[in-house]
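Trainee: What follows is the residue order along each chain.
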Amino acid sequence: GEQVEQLPSILRVQEGSSASINCSYEDSASNYFPWYKQEPGENPKLIIDIRSNMERKQIQELIVLLDKKAKRFSLHITDTQPGDSAMYFCAASAGGGNNKLTFGQGTVLSVIP
Amino acid sequence: EAAVTQSPRNKVTVTGGNVTLSCRQTNSHNYMYWYRQDTGHGLRLIHYSYGAGNLQIGDVPDGYKATRTTQEDFFLLLELASPSQTSLYFCASSDGEETLYFGSGTRLTVL
Numbered sequence: 001g002e003q004v005e006q007l008p009s010i011l012r013v014q015e016g017s018s019a020s021i022n023c024s025y026e027d028s029a030s031n032y033f034p035w036y037k038q039e040p041g042e043n044p045k046l047i048i049d050i051r052s053n054m055e056r057k058q059i060q061e062l063i064v065l066l067d068k069k070a071k072r073f074s075l076h077i078t079d080t081q082p083g084d085s086a087m088y089f090c091a092a093s094a095g096g097g098n099n100k101l102t103f104g105q106g107t108v109l110s111v112i113p
Numbered sequence: 001e002a003a004v005t006q007s008p009r010n011k012v013t014v015t016g017g018n019v020t021l022s023c024r025q026t027n028s029h030n031y032m033y034w035y036r037q038d039t040g041h042g043l044r045l046i047h048y049s050y051g052a053g054n055l056q057i058g059d060v061p062d063g064y065k066a067t068r069t070t071q072e073d074f075f076l077l078l079e080l081a082s083p084s085q086t087s088l089y090f091c092a093s094s095d096g097e098e099t100l101y102f103g104s105g106t107r108l109t110v111l
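Chains as they are written, first to last, in this note's numbering: chain A, 1 to 113; chain B, 1 to 111.
Source of the hints: derived by calculation from the structure; they are not laboratory data. Certain hints may be false.
Stated by the list, open to error - Result set (BS3-like, lysine-lysine): computed pairs, CA atoms no more than 25 Å apart in a straight line: (1) K68(A) x K100(A); (2) K69(A) x K57(A); (3) K37(A) x K65(B); (4) K100(A) x K57(A); (5) K11(B) x K65(B); (6) K57(A) x K11(B).
Stated by the list, open to error - Cβ pair distances, simulated, as ranges: (7) K69(A) x N18(B): 46 to 52 Å; (8) I59(A) x H41(B): 26 to 32 Å; (9) P83(B) x P113(A): 36 to 42 Å; (10) D62(B) x L62(A): 20 to 26 Å; (11) E26(A) x T15(B): 34 to 40 Å.
Every residue, glycine too, gets a C-beta built ideally from N, C-alpha and C.
Construct the entire structure; sequences and hints are all you get.
Mentor: In structure tokens:
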């Protein structure tokens with residue numbers, strides 16, 4: 001099955017700087033790559049996703065990049081704020097309707113005021 | 001937004017105990033999932049279902065059974081709980097359009 005590796009596991013940045021999280025996957029059939037944010041004590045929620053027909057997607061301060069040849073994708077948060085402090089998960093899916101997502105190990109992001 | 005309700009929120013049992021975790025979704029989603037969350041492992045899929053009566057094996061199924069009794073209800077069963085099953089369990093649902101909607105989680109401790 002699919003394997004997703006996510007790094008770093010812990011990330012600390014100064015408020016206003018950028019944060020980057022990187023993921024790699026193994027299954028070339030994977031075509032859907034979402035990112036979920038989990039705030040302390042809460043459940044994970046989808047924040048942005050990208051499909052294999054795109055290389056870049058941006059929603060406000062969130063940018064996702066996809067390199068299909070290298071089987072890598074990444075999340076970049078520009079101008080980080082304390083509210084961005086959370087656990088972030090990347091995931092990959094081959095689609096097909098069953099939406100069997102394989103998640104990365106997670107990154108704990110701390111934004112230091 | 002999809003409503004997914006899990007119960008109980010917290011559960012403590014002993015080794016060898018019998019535990020049932022419940023999940024109900026009220027948005028007519030066909031797909032439901034059980035994940036466990038552990039530090040260093042992220043979210044790992046235990047079992048999932050396409051609809052009532054259907055069950056699919058996930059990536060870490062050992063020691064777990066599941067049953068989907070209706071479109072709304074999905075249960076996770078631990079018949080002989082072990083300390084390695086101490087974890088935070090999340091149920092999720094999806095309409096097949098790829099976004100997962102998670103419940104609030106059940107924290108299970110096996111002593």
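Trainee: Hints first: check each against the structure and report whether it holds.
Mentor: Cross-check of the supplied hints:
{"no.": "1", "hint": "K68(A) x K100(A)", "in the structure": "19 Å, holds"}
{"no.": "2", "hint": "K69(A) x K57(A)", "in the structure": "17 Å, holds"}
{"no.": "3", "hint": "K37(A) x K65(B)", "in the structure": "28 Å, violated"}
{"no.": "4", "hint": "K100(A) x K57(A)", "in the structure": "22 Å, holds"}
{"no.": "5", "hint": "K11(B) x K65(B)", "in the structure": "17 Å, holds"}
{"no.": "6", "hint": "K57(A) x K11(B)", "in the structure": "41 Å, violated"}
{"no.": "7", "hint": "K69(A) x N18(B): 46 to 52 Å", "in the structure": "49 Å, holds"}
{"no.": "8", "hint": "I59(A) x H41(B): 26 to 32 Å", "in the structure": "28 Å, holds"}
{"no.": "9", "hint": "P83(B) x P113(A): 36 to 42 Å", "in the structure": "39 Å, holds"}
{"no.": "10", "hint": "D62(B) x L62(A): 20 to 26 Å", "in the structure": "36 Å, violated"}
{"no.": "11", "hint": "E26(A) x T15(B): 34 to 40 Å", "in the structure": "35 Å, holds"}
In this structure, the earlier hints numbered 3, 6 and 10 are contradicted, and the remaining ones agree with it.
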